[in-house]
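Working from the sequences, and respecting the hints, build out all of it.
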Amino acid sequence: MNKKEYKKLTERRAGRSPVFSNTLAAYLVGGSICLFGEALRRLYLLLGAVEEDSFLLVTVSVIFLSVLATGLGVFDTVARVAGAGTLVPVSGFANAVSSPALDLVAEGPVLGVGAGIFKVAGPVLLFSVLAGSLYGLLYFLFGVAF
Amino acid sequence: MGRILLPREDVRILSTAAVGGYEEKRGPLGAIFDYTAEDDRFGQKSFELAEAEMARMALSFALGKGDITLPDLLFSGDLQNQCVASSNGPASVGAPFIGLFGACSTMAEGLGMATLALSGCGAVTAAVVTSSHNAAAERQFRTPLEYGAQRTPTAQWTATAAGAAVLAKGVGRGVRISAFLPGRVVDAEITDAANMGAAMAPSAADTLLAYFGESGERAEDFDLILTGDLGQEGSVILGMLLAEKLPDITLRHKDCGCLLYDIEKEDVHAGGSGCGCIASVLSGHIIPAMERGEYRRILAIGTGALMNPASLQQGGSIAGVAHLIRLEMDI
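Protein chains in written order, with the numbering used here: chain Z, 1 to 146; chain P, 1001 to 1331.
Take the hints with a grain of salt, since some may be wrong.
Derived contacts from chain P toward chain Z, CB cut-off under 7 Å, selection only [to be verified]:
1. S1046
2. P1144
3. E1146
4. T1152
5. V1185
6. E1189
7. N1195
These are computed hints drawn from the structure, not numbers from a lab.
Ideal Cβ placement from N, Cα and C applies to all residues, glycine included.
What follows is the structure, given as structure tokens:
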């Protein structure tokens, strides 16, 4: 067979990820994380936090717990099953920043951790800042929110 | 000239050794290792240094078993950038160092090259050692170790293992390396880094077709046709590629990536990979089995995927190379 046929054959064989169970796992875990976040927010409100602070507190808490889980080596064990469920919430971002940091400790704090900590999250930071700036510009020019 | 290279001297394997890590100890071949580390660190402060130490240990054990202090030549390679696991580890024995890169095919390449070297000059002994480390390879080629990514079903698990062999000529006993067929680089334009089996199968097919076409032998003339790390996926694809011209290959074919781990119980997806995969299985399991008389004639084909992170990101494809050595145990 020629190269094109070979590529098609291998791609057809390889494209057999268990989509249904992956989607279900992502839904259950991702949903649980968000549910947990909401429960945490109610708790913070009960403890006397102001409404607008409660959202920020939840985000910070989930980030902290994700970084802790990454450091303890459990995050990737859960993520292996959860997939998008841990990736999409802010837990994914926290893991994407803390995991390279752990790897690069051997290379020193400045050129190792410092230079490489955003290796995975870099695109998220860059493009979200750019998107925000663009949005702000359009809002300023046309005065409409999209 | 044909592609099958026949050594002009009688080159034998004097001794072998294999060292492994946590997952390797847990697998079906856990007992073949001379030493396994519980935490894959080997007492070192980085995984890269751990791999160097692992390779050094494998070489040390093999030299000890063969009662050789210093081989005339040392052939060594690994997956780390610029093969530093080899230069930091086994090279410390002080032998003339010949660095190799064949990705996961390095052990076969090394055994072949060492045989040719001993066959062509005054050197009497040569050592071959290669290694791979899961953590070091993941860091370099894929994502950070604790990153929560899902792996696809065709993805393979880089073995944390090293294998070493000491070769000697004129000893008259032991497993003989009777032929070496160096592979050609075959690029089937596979760009999926999570499907090494598909990337390497065409080069394995090319090498096997060349060998059988030239030698006139058949698959049944061998007790075992062993590939390095095609894994489950690559093995099936190899069978498909050879279905027309070498249909009997599947009767004798086994793959080290499928032997090293229990694919059902361990989370290795399509099987093991890495230089250490064929190196440890060959050194720790197959060659000792030949010495015990369990196999008489074997073809061992190391399969390597040739790429680096930059080439992948630039949209490049993953070429493969497969080096074949013929091992025979005279009874």
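- prompt: Taking 7 Å as the limit, does the beta-carbon of S1046 (chain P) come near enough to a beta-carbon in chain Z?
  reply: At 4 Å from the nearest chain Z Cβ, S1046 (chain P) passes the 7 Å test, so the hint holds.
task: Answer holds if the nearest beta-carbon of chain Z is closer than 7 Å to that of E1146 (chain P); otherwise answer violated.
output: Check passed: Cβ of E1146 (chain P) comes within 4 Å of chain Z, closer than 7 Å.
query: Minimum Cβ distance from P1144 (chain P) to chain Z below 7 Å?
result: 4 Å, holds
message: Quick check on the hint: N1195 (chain P) CB to chain Z CB, less than 7 Å?
response: 5 Å, holds
- prompt: Should the hint that T1152 (chain P) touches chain Z count as held when the rule is a Cβ pair under 7 Å?
  reply: T1152 (chain P) check passes; min Cβ-Cβ to chain Z is 6 Å, inside 7 Å.
Interface hint status, V1185 (chain P) versus chain Z (Cβ within 7 Å): 14 Å, violated
query: For the hint on E1189 (chain P), does the least C-beta distance to chain Z fall short of 7 Å?
result: Status holds, d = 5 Å.
This entry does not satisfy hint 5, going by the numbered hints stated previously; all others are met.
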